[in-house]
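**Q** Chain A is already provided as a structure; the job is to place chain B on it using the hints.
Going down the list, the sequences are from chains A and B.
For the first sequence, the residue numbers in the working numbering are 15 to 802.
For the second sequence, the residue numbers in the working numbering are 15 to 802.
Each hint should be verified, as a subset may be incorrect.
If chains are identical, the list can't say which one is meant, so a pair holds when it fits in one copy or spans any two.
Heads up, simulated BS3-like pairs for lysine-lysine below, C-alpha to C-alpha not over 30 Å straight-line [to be verified]:
id	residue 1	residue 2
1	702	492
2	277	727
3	327	76
4	702	479
5	710	699
6	181	314
7	699	711
8	278	330
If you're looking for bench data, these hints aren't it; they were derived computationally from the structure.
There are 2 protein chains.
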Amino acid sequence: MTAALFFDFVIVCLNSVMATLLDIGVSAAINILSAFAFLLAFAILRLQPFNDRVYFPKWYLKGLRSSPSSNGAFVRKFVNLDYTSYLKILAWIPAALQMPESELIEHAGLDSAVYLRIYLLGLKIFVPIAFLGFAILVPVNYTNNTLESMKVEYSDVDKLSISNIPKGSDRFWTHLVMAYAFTFWTCYVLLKEYEKVAQMRLHFLASEGRRPDQFTVLVRNVPPDPDESISELVEHFFLVNHPDHYLTHQIVYDANKLSKVVKKKKNMKNWLDFYQLRHERNPSKRPIRKTGFLGLCGEKVDAIDYYTSEIAKLSKEEVEERDRLNGQNSIIPAAFVSFRTRWGAAVCAQTQQTRNPTIWLAEWAPEPRDVYWNNLAVPFVHLTIRRLIIAVALFFLIFFFMIPIAFVQSLANIEGIEKAVPFLKPLIERKSMKLIKSFIQGFLPGIALKIFLILLPTILMLMSKFEGFVALSILERKSASKYYLFLLVNVFLGNIITGTAFQQLNTFIHQSVNDFPRIIGVAIPMKASFFITFVMVDGWAGVAGEILRLKPLIIYHLRNFFLVKTEKDREEAMEPGSFDFGSSEPQLQLYFLLGLAYAVVTPFLLPYILIFFGLAYVVFRHQVINVYNQEYESAAAFWPDVHGRIICALIISQVLLLGLLSTKEAANSTPFLIALPILTIWFNKFCKSRYESAFKKYPLQEAMMKDTLERIKEPNLDLKNFLLSAYINPVFKEMDEDDSASCFDKDGDFENILVPTKRSSRRNTPVPSKYNDSASPSLSDIGREQQL
Amino acid sequence: MTAALFFDFVIVCLNSVMATLLDIGVSAAINILSAFAFLLAFAILRLQPFNDRVYFPKWYLKGLRSSPSSNGAFVRKFVNLDYTSYLKILAWIPAALQMPESELIEHAGLDSAVYLRIYLLGLKIFVPIAFLGFAILVPVNYTNNTLESMKVEYSDVDKLSISNIPKGSDRFWTHLVMAYAFTFWTCYVLLKEYEKVAQMRLHFLASEGRRPDQFTVLVRNVPPDPDESISELVEHFFLVNHPDHYLTHQIVYDANKLSKVVKKKKNMKNWLDFYQLRHERNPSKRPIRKTGFLGLCGEKVDAIDYYTSEIAKLSKEEVEERDRLNGQNSIIPAAFVSFRTRWGAAVCAQTQQTRNPTIWLAEWAPEPRDVYWNNLAVPFVHLTIRRLIIAVALFFLIFFFMIPIAFVQSLANIEGIEKAVPFLKPLIERKSMKLIKSFIQGFLPGIALKIFLILLPTILMLMSKFEGFVALSILERKSASKYYLFLLVNVFLGNIITGTAFQQLNTFIHQSVNDFPRIIGVAIPMKASFFITFVMVDGWAGVAGEILRLKPLIIYHLRNFFLVKTEKDREEAMEPGSFDFGSSEPQLQLYFLLGLAYAVVTPFLLPYILIFFGLAYVVFRHQVINVYNQEYESAAAFWPDVHGRIICALIISQVLLLGLLSTKEAANSTPFLIALPILTIWFNKFCKSRYESAFKKYPLQEAMMKDTLERIKEPNLDLKNFLLSAYINPVFKEMDEDDSASCFDKDGDFENILVPTKRSSRRNTPVPSKYNDSASPSLSDIGREQQL
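Next up, chain A with everything else stripped away, as it sits in the complex (with noise of 0.2 Å):
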C-alpha cells in the first residue's frame, strides 16, 4: 500500500529505477516522442473542417466562425485536402503567442489572461534560478567526489547534486547563499507579479462596462418577521439604514428542486431526439428500450412513446413546481439589493448591518451567471458547523484515504473473496480460471485507486458546496485548496518519504520536530530522478494530451450523428471546456513546489520544469484563445491563493534544506538558514496587507469615479430598468425560451409572483416611503403598475 501506488502510471516508467542520466535520457525521449505523437495528431486533427467546432468553439460562441460553407465538394466539408496546410503543423505556435494581453483579456476575459501569467511567473522565476544553479551549483557539486569515495551506489544525477558534498564541507555556503538568491529572486518575481495582477484586476474593473453586479450586494439571513414579508421587509431596512443610495432589490426563490425537474426534462428531450433521429434513419423498427436502471434491465418498451410520456410526466411536475414558488413559502431569506450609485454599494458591502452580525449578512453580489443558487439560504448557524465538519472530513480524506480503498481493493482480491464466500472456491480454483483471476489481481487493485482519483476533484466540490459558499468562483477557490493540501501530502511527502500519509502521521508524531525536515531533507535528493520521470510524464505528455482534446473530440462526433438536428443543436453539442480551477491549479502548483525544493539541492531538475512551463504555456494560450470558455468571469480573484501557495512552496522548501544541511554537518553556515523562512513569512504577510485588499474590497475612491462619469456621460440613465432581471434564478429566465411549461401569464403576473402584493401590515414601517414616486422598491410594483 505504497504511495507510489498512487503514480501507478509512473510506475511503469519507473521498473527500471531511473539512475542515470542515460535513463533519463531514454525515458525523456519517450516522453518527448509521445509529446510529439500528441502535437502532430492535434497538427493534423485541427485543419479537418469537420474538427472545426472540436478545435475553435471560442470563435463559434462569438459568432466569428461558422459551420464551412456547403458549397464545394462534399469531401471537402470533412477532410482538408489543401497540401499546403499541412506544411505548416506548427504554425499554431506563432498564432498563440501573438495577441497581445490586451486583446487576449478583452477576447477571453482576465481570469484567463492572469492564469496564463501563472505559466509565465513560473518561467520567470525559474529561468534565472536554473540558470544560476547551472552556472555555480553544478561545478561546485560535480568537482567533488564524495560518492566515489564512498563506495555506494549512486547514479549521474546524483553526482550533480548536493549529496556529492563531504560531510562539514564549507561548500555549503554555496548553498547557502544561493538558497538566498533564490528566495530573493522569487519574492522580487512575486511582488512585481501581484502588483501587476493588482493592477490589472482594478483596471478591469474600472474599465469594463456597467453590470449589475457592481451595484448590488447579496444580503443573506434577513430575520424573520411576524409582520411583514422578506421583500418588504428587506425594503424597509435599506430605506432606513441605506437612505439615499437604496435603489431596488430582487428577491430569492428556493428553486432547487425546479432546477431538478428542469435538467431532468432537458435530459429526457435529448434521449427523445436520439431515438428519433434513429427512427427516421430507419423508419422501418420502432426503437425500444428497457425502462430499468440505465435501461440495461426491466419490461422493453416503444422508446419513443416511453420519453414522450416521460417529459409530458415531467412537465406537469414543472408547471406544479413553478405554481408552488407562487406562495409565500418558497421565498429564500436572502436578497439581491441594488443600488443608485456604485458608491452606494461599495458602502453596504464593505459595513457591518446591525449589532448582530449573524443576520443581514451583506457581500458583493457575484456577477449573475457567478451565483452558485443552491447555497444562498444557508443560515449562519449552519454554516460555521458545516465548516466543521468539512474541516474534520478533510483532514480524514487526506490521511486515511488509503483505507477505504483498500478495503475495495482486498474485496476484489480472489483470496477475500475465497473467504468471504467459500463455496465459491472450487469454482475459482478451476484451472482455466487461472489466467482471469491473475488479470483481476493485477488489474482492479489500480482501478479502485483510480477511480478514487478521477472522482476526487468531485468531491473536494462537493465539500466546498456543503460548506456553503454562495458563488461558483468562491467553490472552485476552495476545492483547489483542498486538493492543494491533498496533492502536498499525498504526492509531495508520499513520494519522498515511501508510505501512505497515515504510516507518514503516525512516524512524524513519534518523531522529533527537528527531525521532521531532516528525515524528508535527506530522502530529497534520493528521489530527484523520480520527480524528473513525473515532469515528464505528469507535465510534458500530459499538456500534449490537453490540446488534442481527445475526449471533446469523441463525444462532439457521437453527439454530432447521435443528437444534432438543427444548427443550434450542433451549437450545443460543442463543449468548449474552461480552465478547471480546482483541479488544474494545484496541479500546477506541484511544479513550483518541486522546483523550488529541487532548486538548491538538485539544479540539474529545473530544466525539465522549465520546459513544462514554456509547453504549457503555448499550449494553453492557444485554447484560452480557440478553446475555453469561461463560465464566469471573477476578475482574476483567485491571484491571492496562487501567491499564497507559491510563498508556501518557498517555505517548504526551506524548512528541507534546513534539515537536510544539518545533517550534512555544515554546522557553520546552517544557523543563517533560520532567517530565511521567518524573512519570508513576513514578506507574504506585507504582501497580504499591500495588495490583498484589491481583490477583496473595493475602493470608494473607483467607485465613486465611475459613477461620476457615468452620471456626465448619461444623466438620463433608467438604472433600474438595467437591474430589473439580473439577478433572476436562470431556470426563471429558461422559462421564455420553454413553451410548454410556463405558468407564468405574460401580461404581469410574472410579477406578482416575483413580489405578493398582499401588504396587510404597515405597521412596522418605520419612514414613510417617500420613494414612490422616483424609484419603485420592488418588482411588484412594476407588475402593478403595468396592470392597471
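**A** Just chain B now, with coordinates in the frame of chain A:
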C-alpha cells in the same frame, strides 16, 4: 539559574517544600493572617481624615467630596477619634458590593465595570467546577491506594489527585467525562459572558451622549502632493469621495518635542516649588543643590535661582518650538476627519478609500484622551518592518531573557569582579570584607532579576509603542498579549518543567511532538502544592496589598508635605491610579490557566483560586468605586482578548490532560479526548464570528438610529462648533492655562497657525467647494471669518 528564581519571593515559603496538607494548612494560615493584617491596616488607615485623598480620590475628582472641613479640633483633621467607626472595620465590603452595575458604569465607566466582570467570570466558571470536582473526582481519586502500594514518597495532596489512580484503570473514564463537563461549562459561561459584554458595550455606545469620536475618523498616511498642503488635500479628498457626509477635519502637528519641553518644565517647576516651600519654612538659609547628575555631584548653586533660570530657559525653548510649529514642515500626514453624521463616519471607518491600501488609511478615531500622539506619523512600510522586529525581539525576550540577567549577576559575583579587575583582589580578600562579600553574593543576583521583572511591563509597553499603535487602549492590549506569553512560558511552563525557557526550548526541539504534552502533563500533578502556595502568596497577599495602597499613601504624604501649596496642588498630589490592563490582566489570566489545568488533575487547588477571585472581586470593586480614575474609556474593547486567552488556557489544559492520560495507559478513554481541543477551537471561531464584530465595527443601523434621534431632538445643533477643538494635541490646550509661553494671540492668530492660509495653488482642486457657506473645511476659515 532556574526559572524558580523568577519567584524568589515565593521560594521563601517553599524552602520547606509544601508536601502535606498540614504544610499547606500552615502556609494558608500564614498567608491568611498576612492578608488580614493588610486588610486591618487598610480598615484603620482609611478612616483617618488625613488619608482621605489616598483612599477616596475618585470622589474628590468627581467633586463629590472635599477636604475635611477646617472646623472642629485640629487633631480631628488628621485622626479619626470616633471609636464607633472602628467597630465596623469590614463595613467597606458591603459598601463595595452595594452599588448596582448600571450605577457603577455611570460612576467609573464601562471599562472598569467589565474588568470587574472578569473576576466574577472566574467565580462563575470555577464554583460549579470545584463543586463537581470535590463531589466526584476527589472520592474517585482518594479511594485508591496506588501511591501507598508504589512505596514512593507522596503528599496528601497527591492522594486527592489523579496520581492516585492506578495505570490503565477504568476510573479514568470519570476524568474524561469531567473534562468534557468542565469544558462545556466553561464554554457555556464564556458564551453567555461574551454575549452580555457585547450587549453592554453596544448599549453603552448607544446610550452615551454626543462625543467627538462618534463623528470622527483618523486618517493616516495622507500621500504627499506637490501642489496642495495636507489640509487642502484632506479637504478635497473627502469632499470628492464622501460629498454628502464630510464636515470638517483637524490636522495634526508633530508636537513630540514640545511635549517633552513642557513636561521638563513642569518637573522643574515642581522642584522650584519644593525649594521655595523649604525656604519659606526656614527663611534663614537659602537652599542649595549640586548641578551634576541627580544633584549628587558638581558645582553647588542656589537652588531657587538655578531652577528659576532653568525654567526661563525652557520657556524660551517652548516659545521657539511653538513658533517652529507655525511652519508647514511640522504638519504630520495624518488628520482627524469629522463627518456630519455618525453614519458617514461609520462608513468611512469601515471602507477602503483608494486603490492603494497603504495610503489614506481610515480607522475609527480613538476618543481624544485615548490618542497616542507620538505614533500618528509612522508610515505604512515602517509599520510592517517594526512589527517584524518586535516579533523577533519578543521571541528572544521570552526565551533568552535570563542571559543578560545572568551576565549582570555574574558581574555582581565577587569572584567575577576579581577576575575582571585583578588588582582589586587583595582588597576584596581582606577579612573585614567577608561579610560584605557574602551579602553582595547573596543579595545582588536576586536584585538584578527583580529589577528586570519590575521593568518588564514598561519594556513591553515600549515595544508596543515602537510597533506604532495609535491609541493608549490598543497599546495596553498589545502589551497585555506580550506579557501573557511571557508569563505562560516562564511562569507556568517554566515552573512545571524546572529550567529556563531556553533550556526547555532546547529540550523540546529534541523531543517528539507527542512528548510535548506528555512531559508537561506528567509534571503537572507534582507541582500542585507549589502552585497552591503561589496562589496564596501572589494572589491573596497581592490583592490585600493592593487595597492598602502603600506606595500611593507614602507618595501622597511626601508630596503633601514638600510640594503642596494650594488646593489645586493637593488635587494633583493624589495618585488615584487605574487598572493597569497591560500587566494586571495577564497575571489574572494565570489563575484561569491554573484553575483549568488543575480542575481535572488536582481539584484540591480550586478552592484557593475561588478565594482569590472572590477576594479580588470585592477589593477591586472597592477600588473602582473609591479610588481608580481611568485615563480613557475604550468601552470594553479588551474583551475579545480576555475571552481568547481563557480559550487558550482551556486548550492548553486539554492538551496537557491528553498527555497525562496517555502515560497512564488509559488506552480506552484517551482517544476520546482528542475531540475536545477541536471542539474548543471551533467554539472560539464561532464566538469570534458571532460577537467580535461588536468590538471592532460600528453597525450602520445603530449609527442611523442615533443620527435620526439627534436630528429630531436638536434640529439646530452646531456640530462643527462642537467638534472644533476636540482633537487638538493636549499640549496646545495647556497653552491657555499657561501664562508665560503662549505664542498665540487671543484674537484668531491661533487658528492661523493651525492651518496656514497660504493657498497659492487651486489647480488640483477637483470640485468647486460648494460647502463654503454651510461647512467651512478647516479651522483656518474660522480664523479668517473671525478676523474679518
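**Q** Work down the list of hints and note, for each, if the structure agrees.
**A** How the hints compare with the structure:
1. 702 with 492: So residue 702 and residue 492 pass the 30 Å test inside a copy (18 Å) and across (21 Å) alike.
2. 277 with 727: Close neither inside one copy (43 Å) nor across copies (59 Å); limit 30 Å.
3. 327 with 76: Neither. Shortest intra-copy (36 Å) and inter-copy (82 Å) distances fail the 30 Å Cα cut-off.
4. 702 with 479: Both, since 26 Å and 23 Å are each at most 30 Å.
5. 710 with 699: both (16 Å within a copy, 21 Å between copies)
6. 181 with 314: neither (77 Å within a copy, 69 Å between copies)
7. 699 with 711: both (17 Å within a copy, 23 Å between copies)
8. 278 with 330: within (13 Å within a copy, 90 Å between copies)
Against the hints set out earlier in the document, violations occur for numbers 2, 3 and 6.
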